[in-house]
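Residue numbers (my numbering), protein chains in the order written: chain A, 1257 to 1495; chain B, 1257 to 1495; chain C, 1257 to 1495; chain D, 1257 to 1495; chain E, 1257 to 1495; chain F, 1257 to 1495; chain G, 1257 to 1495; chain H, 1257 to 1495.
Incorrect hints may appear among the rest.
Computed Cβ-Cβ distance ranges for the label pairs, DEER-style [to be verified]:
1) F:A1317 x C:S1494: 52 to 60 Å
2) E:P1348 x C:A1491: 57 to 65 Å
3) H:S1291 x A:D1288: 28 to 36 Å
4) E:P1403 x G:Q1339: 49 to 57 Å
5) H:E1293 x E:R1352: 24 to 32 Å
6) E:P1348 x D:G1411: 56 to 64 Å
7) F:A1317 x G:A1297: 55 to 63 Å
8) H:S1291 x E:S1291: 21 to 29 Å
Just so you have them, the derived chain A footprint on chain B, three or more residues with Cβ under 8 Å [what the hints assert, rightly or not]:
9) 1305-1312
10) 1444-1454
These are calculated hints, taken from the structure and not from any lab test.
None of the values given here were measured: they were computed from a predicted structure.
Quick reminder that beta carbons are idealized off the backbone N, C-alpha and C, glycines included.
Number of protein chains: 8
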Amino acid sequence: MFAPIGEAAHLVARLDIGRAARKGIPEVVLADAKSDEQVIAIVRALLASSGCALVSRLRPATLDHLTHEFVETGAAVADVRRQAHAMALHAPGYVRPQTGGHIGVLTAGVSDIPVAEEARLVAEEMGCHVASLYDVGVAGLHRLLGPLQTLLTDGVAALVVCAGMDGALPSVVAGLSPVPVIGVPTSIGYGAGGKGHAALLAMLQTCSPGLTVVNIDNGVGAGATAALIANQIAAARSG
Amino acid sequence: MFAPIGEAAHLVARLDIGRAARKGIPEVVLADAKSDEQVIAIVRALLASSGCALVSRLRPATLDHLTHEFVETGAAVADVRRQAHAMALHAPGYVRPQTGGHIGVLTAGVSDIPVAEEARLVAEEMGCHVASLYDVGVAGLHRLLGPLQTLLTDGVAALVVCAGMDGALPSVVAGLSPVPVIGVPTSIGYGAGGKGHAALLAMLQTCSPGLTVVNIDNGVGAGATAALIANQIAAARSG
Amino acid sequence: MFAPIGEAAHLVARLDIGRAARKGIPEVVLADAKSDEQVIAIVRALLASSGCALVSRLRPATLDHLTHEFVETGAAVADVRRQAHAMALHAPGYVRPQTGGHIGVLTAGVSDIPVAEEARLVAEEMGCHVASLYDVGVAGLHRLLGPLQTLLTDGVAALVVCAGMDGALPSVVAGLSPVPVIGVPTSIGYGAGGKGHAALLAMLQTCSPGLTVVNIDNGVGAGATAALIANQIAAARSG
Amino acid sequence: MFAPIGEAAHLVARLDIGRAARKGIPEVVLADAKSDEQVIAIVRALLASSGCALVSRLRPATLDHLTHEFVETGAAVADVRRQAHAMALHAPGYVRPQTGGHIGVLTAGVSDIPVAEEARLVAEEMGCHVASLYDVGVAGLHRLLGPLQTLLTDGVAALVVCAGMDGALPSVVAGLSPVPVIGVPTSIGYGAGGKGHAALLAMLQTCSPGLTVVNIDNGVGAGATAALIANQIAAARSG
Amino acid sequence: MFAPIGEAAHLVARLDIGRAARKGIPEVVLADAKSDEQVIAIVRALLASSGCALVSRLRPATLDHLTHEFVETGAAVADVRRQAHAMALHAPGYVRPQTGGHIGVLTAGVSDIPVAEEARLVAEEMGCHVASLYDVGVAGLHRLLGPLQTLLTDGVAALVVCAGMDGALPSVVAGLSPVPVIGVPTSIGYGAGGKGHAALLAMLQTCSPGLTVVNIDNGVGAGATAALIANQIAAARSG
Amino acid sequence: MFAPIGEAAHLVARLDIGRAARKGIPEVVLADAKSDEQVIAIVRALLASSGCALVSRLRPATLDHLTHEFVETGAAVADVRRQAHAMALHAPGYVRPQTGGHIGVLTAGVSDIPVAEEARLVAEEMGCHVASLYDVGVAGLHRLLGPLQTLLTDGVAALVVCAGMDGALPSVVAGLSPVPVIGVPTSIGYGAGGKGHAALLAMLQTCSPGLTVVNIDNGVGAGATAALIANQIAAARSG
Amino acid sequence: MFAPIGEAAHLVARLDIGRAARKGIPEVVLADAKSDEQVIAIVRALLASSGCALVSRLRPATLDHLTHEFVETGAAVADVRRQAHAMALHAPGYVRPQTGGHIGVLTAGVSDIPVAEEARLVAEEMGCHVASLYDVGVAGLHRLLGPLQTLLTDGVAALVVCAGMDGALPSVVAGLSPVPVIGVPTSIGYGAGGKGHAALLAMLQTCSPGLTVVNIDNGVGAGATAALIANQIAAARSG
Amino acid sequence: MFAPIGEAAHLVARLDIGRAARKGIPEVVLADAKSDEQVIAIVRALLASSGCALVSRLRPATLDHLTHEFVETGAAVADVRRQAHAMALHAPGYVRPQTGGHIGVLTAGVSDIPVAEEARLVAEEMGCHVASLYDVGVAGLHRLLGPLQTLLTDGVAALVVCAGMDGALPSVVAGLSPVPVIGVPTSIGYGAGGKGHAALLAMLQTCSPGLTVVNIDNGVGAGATAALIANQIAAARSG
C-alpha cells in the first residue's frame, strides 16, 4: 500500500526499457484557467522544444495576445480556429506530419460544432485527414444514414461523435458503424440533465459496444484518441 | 400567499360547477409500501364503490393474499399480470368498458416489459385496445421501423415507450410518429445514470417535440394518460 | 445489439410505408446556444421551405438582428412575444392554420408567465385556440377553482400547467380535471431544489394520473404536445 | 476563529445563568444503528435517571429483547406502538405529564402512518393531546377540508403533516391554517425524487409561510417541536 | 386518487367553516424573479387591500423604482432594510401591530446577517419584538453562552438561527434552549457542500429535537414562523 | 426537428449502401435484469443464428440453468469464467476466430479482477490475444512500470485499465503508453464517491489524452472496443 | 502532458535517492470486496514479509476463516476487535512497536464506536498509546469539555473525532484544541444527508482550521495519519 | 440529547482547566462574502488585539481599500500575495514568529498555484519555512520524483498537495512520502466532476494512508494544519 521513493526508484533503475515510443500527441494548453502570461510562457517553451503548440479554450483577448506575441513577430505561424476557440502555433520550418490516418467527426446539432472543431484541429495536428458531418442528430435520421455510409466507405478508422441534450447520436452511430466511436457530450441543454450531463450519462449507458466516452466538451481528448487509433492503423497498413 | 380555510370555502361555496366530468381513470393501489391488511381493506372498499380495483407493485405474498381473499371467495374475478406484478379485480357483474380508444406500447428491451405490461393493464381497464411492440431498441432500427409504421397506420392515438439504460427509444419514436408519445424510463442499467436516471434525463432533454415523460417505472401513469388521450379521441370521433 | 448500416437500409427499403403523416409541429430554433449568423441562416431556410419559423430563447440583440434581417426587408412578418423571449416569423402569404383545437395554459405565479407564453405561441402556431389562466398557485385555491371549471366547461382538450418552487399546481389541477395535463417545471426558486428541480421531482412523484412532464422551462415541448392532442381531437370531431 | 478550552471555560465560569429551564423533551433512543446491548444499557440508564425512555426505529428482535428485559421483569411498563416501530418505557410509579397542549397529526396517505404515529407517541409522552387525521392527500381535497377545519376549531396549537411522493400536503395545509405547520417528508415514492427526496425539496420550496421542515421520516423531531409549541401555549394560557 | 372539480366543490359547499382565522402573515413579494412593473403592480394591489406590502430580494434598481413610485408620491411610507435587500411599505394611516410577541434572531457569522435581517423585518411587521445576536458561531462558544442565556431569560418564544458553512450553530442553540429553534441555512461557503447545502443537510441531521428548518436563505419563512409562534403565546398569555 | 417515418424511409430507400461491414462484436446478454427463461430463449436464438452467445452478470442459478439446458444436452460447449460471472457458449462446430489482435488488461487491485476478466472474455471471443496485469495500482508504482513496459514491447494495440476507489491508474497508464487506453471504473470503494463514482469522474477529468472511458463495471464495452481497435490494426498489418 | 515510460525511467535512473524512509504504516486489507481466498492469500504474504497483517471490514465468516487458517494452526496470534470488524495478525515472535506516540479518539455517539475502534487498532499497531473518549456529541457539551481538557493535558499529539448525522463534533473539538484534528464522518443518519454525507460536508465546511477529513467510515486512514503525526513528534522529542 | 444552558454552565464552572494552550493559528478573514466595511472593521480589531490579520479571497477593490486604509496610513505593513488573492497585515512592531517548522507545498499544474500560495502565506504567518514545488502532476512523473526526494531529505514535516481535475497527485505523493500529506482539491476542471469535485472525491477514495483532505480551494485550512504539525515537531525537537 506504500512505496517510499527510494524503493521505487531502485526498482525503476533496474528496468531496461529502451527507446521511448512517442504517442505523437502534442501538448495542448488549456488557456481558460491560466493567465495570459502563463499561456505565453508555456507556448514559448513548447515552440522551442517541439516546434508546435496547441492552445484551447482561448479567451478572445488571449488569442489577440498570442497573435501579437508570436505571429506578428514572426516567431510562429498560426492556424486559428475561431469557432473552436483554439489555435495551433508552428515555429518557422515546422511541417505538420501527414500520417495517412483518417477519421470522421460528427455533430448532432449546429451548437455542437465548436467542440467538434476542437477535435478536428487536434487530429489534424497529429497528421490525420478529418472528414466532418455536422447537424445530423437522431431527430433527422434521413440526414445521417447516407453521409455516414459514405464516411465508412471512405475508410475512416474511428469516429468522433459530439452531441448535447439527450446525447443519442453516438449510440446510434456506434450501432451502425464497424469502427470505434468516441462520444463527446457537449454542454448544450438546460434544466435537468442540462449542460451535457444527460448526454454524458446516456452515452455511458449505451447499448452499443464500441462506444467509449470522454468528458463534456473534451474535443481535445476525443480528437487525440481517434487520431491515435487512425495513426496506428495507417502505420500498420504502411508498415 | 395564504388563504385560511373559511375564506376559501366561502369562495368555493359560490361556485356553480355543475356535474363532475369523470376521467375514467380507476384508482390504482400501490401495494409495495402498504401492509397486506391495508391493501385488502382498500381493495374491498374500491370493489364496493366502483366494482373494480387495480393493484400494482404486488409482492408475491400479497398477490396470494388477495387471491385468497377475493377470488377464492367469489367476491371478485381477477385479471392477473404476473410479469407486471399487477392485477385487476372486478366485482361480479362488473363489465370492463370498451371505449374504442387505441394505443401502442413499445419497449427498447425485454427487461422493460414488466413496466410496459403495467401500462397495458391500466389502459385496458380504461377500455382501450392496446397493441404492443417489444424489444425494438435503437441498436436495432430494422426491428423498429416496419412495425411502428403498422401501428401508426392502424390508428393508435398515443404511444407509450418504455426504455432503460440510455433511454433513446422514446425520442426516436417521437421523431418518427405524428401522435403524442409518453416516455417511461425503466430502472434498467447500472453504474452512473443507472436505475433509469440516465434514461429519464435523456427523455427530458429530447429534441423531439411531442414527447412527455413520467417517472421511472411509472407504467400506471403512462398507461392512464395514453388511454385518456385515446378515449377523448374515440369520444370525439363517435361524438 | 448491432445493426450495420447496410442491413438496416436493406430492411427499410422493403417497407411500404406510404405517405408521411405530418405532426404539424413547426421547427423551433433554440437561439441561445447559436450565433446570430447561425440563427439567421436557419430561419432563412425554414421560411423558404415551410413559410414559417419559430425562434425561442432569443437574446435581445438576436431579436433585433432578426427583425432587421427579415421584417424590415419585408421578407417576413413577425409575431413577437417579448415576455416569452420568442417570436414567430411568417413569409408573405403564409396563413397560420386554424385547427379548432383548444387548450388551456396555467401558471402558479407571475414569474412562470414567460414559460407559459412560450407554450402559448407554439400552440397558436399549430392552429390552436389557447386560453390562459395565470397566477393561480395552490396557496390560493380560491383563485383556481372557478376559472379552471370555466376552462373545462369550454372544452379544452389538454392543459399546460407551469409552476416553479414546490411545483404542486400541476398535480392539483390533474386531480381536478378530466383531460391530460402537461406539467412544466419553471426555473423559479432558490436554495435546495431551486431552479425548478424540486418542481420537476414533485411533478414526477405526482399521485395524479393524467399528468406527464417536460423538462424545466420547456414551454415549447409542452405547448406542442398539448396542441398535438387538441388537434387530434379536433380532427376526430370534424372527421 | 478558535477558542481554546481554558478561555471558554473561564468565560463560562463567570456566567450566572440560574436554574435550567427544561424543555421537557424526553431522550429518544434511535435503536437501528445500535446493538441490542447498547439499547438496553441506555434504556436502563434513562429509566433510572428520568423514569422514562423512548425507543424508536426498533427492530422486532430488539422490541422483544426490551420487553423481556424490562416489562417481564416488572422494571417498566411499556407503551408499544407497533406501526411506529417505537415504544415508551415507564418505570413503576412514573406518571406521564398532562400539559394541556394540543396538536394535530396528518398524513397524505396510509403509507405515511408509521411516521405520523412516531410523532404522536413523542408528543403524547410530552403531555400533549394529539388528534390524528390520516390519508387526506391533495388528490382528494374533499377528504381534507372539513376535518382540518374541525381540528383548527378544536384549538390545535401546531400541526405535523407527513407526506411522501410529491410532498404537497404540508404546503396546502399551511396555506389553510393559522398555526405553525411542521412538514415531515416520508420515504415513500420511487424513481427520481423517491424515498422522500422530492417531498423534502417541495416542502423546502413551499410558498406557504408558517411551514418548517424536519428530515425524511423524522417523526420524533416533528412531534417534539409541535409539542414544545403546544406546551408553551398551554403554559401561557394557564398562566 | 382523483376528484373532479364538481365533486370537490359539492363537498366543500356543505362545509360550515365560519369566520376565517387570520394568520397575520403579510404577503411577501419575491422581487428577484419579477420585472419592476410586476413588482409595482403587486405592491399597489397589496397597499390597496391591506395597507401594507413587504418586498424581499430587491435589486437596487427595483428599490429605487419602488421608492420613486410610492414613497416620493406619498402613496406609502417605507421601512427600508438595505442589508436585507428588503423593504416594508405602509399606506398612510397604516399602523404596524404590536402583539407582545418576542423572538430572537442569531447568526453564526457576519456574512449571515442579511438573511437574519430579512427574518427580523418580517417578524417586526407581524408585531413582534425582535432581539438580535449576531456573529456567535460555534468556533467561539464564549461569545454565545452568556448572551443566549440573556435572551432566554428575557422570554423569547422562539429563536431563528442563521448559519452557513457547516451549519452547526442551530443544533448547538437548540441543545441549549427550551424554546423552538428555526434553522436557516445561508448560502455562505464554497466547494463541496457550499452555498448553504452542507448547512441545510447538517440541520436536517441534527440530534437536537426542537429544531426545524427552512430552505437556504429563507429568512422570510423563518421570521414568519417564529412570529407566528410568539404571537400565539402572547395571545394565550393575554387571553 | 421531426422526420415522419414515411419521409425517412423514402430517403433511405434511395441509398445504395452495399454490403454490411460487420464489427465482429458478438451479442452479449446482460442476464441480471432478465428472467432465466428470457436468457435461455435469447441464448438459443443466438446459438442458432451465429453459433455463439456471450452471457454476462450471471446469477449462479442462471449459470446452472444454462449449463443444464445447453451444455448437458450437447447443444453447446461453454467457456465459463466464474470470477467474471460470465460465460461464452459455442454451438458444436463453432470455431472462435483468431484475428491476431493483441490487447492488455490491467487492474489496480484484486477486487477489480472480475470486471477485467469480463473484458478479457469478450476480447478473446472477438479473436484477440489478451495479456493481463493485475493488482498494479498507483500506490505501488514499482509493480507497474516494468510489466507495463513488457506489454508495450510485446505490441499490444490497446489497453483496458480497471480501477475503483480513486481511479488513478488509467491516467497514469495513459501517461506512460503510446496506445489508446480504455478506463473502466469499478464499483469498488465506499462513502463519498464510492461504488466507482469517484473513479469514473477522475477518469473523465484525466489530463492524459488517449484515455477514453466506459461506464462503471462495463467490462464488456471496454473489452469489445479494445478488441475492435486491435482487430483493425491486425487486419491492416496483414492486409 | 505525456511521458512515455522510457523517458521517465531514464530520468529516474539518474536519481540518487538513498535509503527509503519507511512510514511505518502497516498494509491494511479491506476484506469486504475480496473473496476469503484472496484475503487469506494476502494475509499469508504479509505475515511472511512483515510479520504483521491488519484486516478490516471483515465478514463474520471471513473472521472465522482467518482464525481457522492462522490462529488455530499457530501461524499467527490474533488481536480481534469485534466491534470494529477488524483484526491484527502477528506472526510468532512479532513484537508490536512502542513509539511513545500518543493520540486520542473521540466519538459523538455510541453508533460511531466501530469506526473509532478501527482507528484505534491501526494506531496501536503503529506503536501509539490511544486514549478514547466516546459518546460526547455536541448535544451534551458538559460531557465533552472536562475529559477533552484531560486528554490535551496528557499530551495527545493528534485527535481522531468520529461523528455521523450532523458531524458537528470535529469542528467543535478543533475549535477547542491546539493539536491537529482528523474528522471521520460515520455512516450514521438517514434521509437527506444520511449515511455520513451531511457529516462529511459539514466537516469540509468547517470554520475551524486544524481540521482535516478522511472519507466516511475510514477509521483506518484517520488512525494511520494521527499515529504518523504522533510518531513523528515522539521521534523528535526523543531524538 | 439536550443540555439546557444552566446545567452545562454549572458543570463547566467546576472544571479547573488552567491556562489556554494556543494553537498559534491566526484568524483568517474570508473577504468574499463580506462588504469592504465589514472586512476593514474586522481587520482593525484583529490588528488591535493580536497585531496581525490575514485576509483571503480578496476582491481587487477590497485589496485597494485595505491598502488605503491601513498601509498608506502607516497603521500596518502588508505582505500582499496577488496570485493568492490574499494578504497579511502586521501592526508596526509586530514580528512574524520563526518556529523552525518546515513544510512543502506542491501543485499538479500551474492553475493550482493560487491555492498553494494561500496555503504558503498562512504557514509562513505561523512561522514555518515553506518549500514549494509546482506543476509536477502525475502526467509527468519525471518532474516529480527527484524534487520530492529533495524535499523529504530536507526534512519537511508535512506536505500540502494541491490538485484539480483528477486529483491524483496527493495519492501518489502520499504513497511515496513518510510524512502526513494534506490534499487540497482545486476548482480546476470542467464537465462532470469539474470545479474540483472529482479531485475531492478521488482524494477521499485514496488508497494511500497518511492522506487527509480539506475542502476545495481551502488553502488556508491546509496550510494551517501542515504548519500546526510542523510547529509541534519543531517544538518537540527543540524540546
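Unsatisfied constraints (hint numbers, rising): 4, 6, 7, 9
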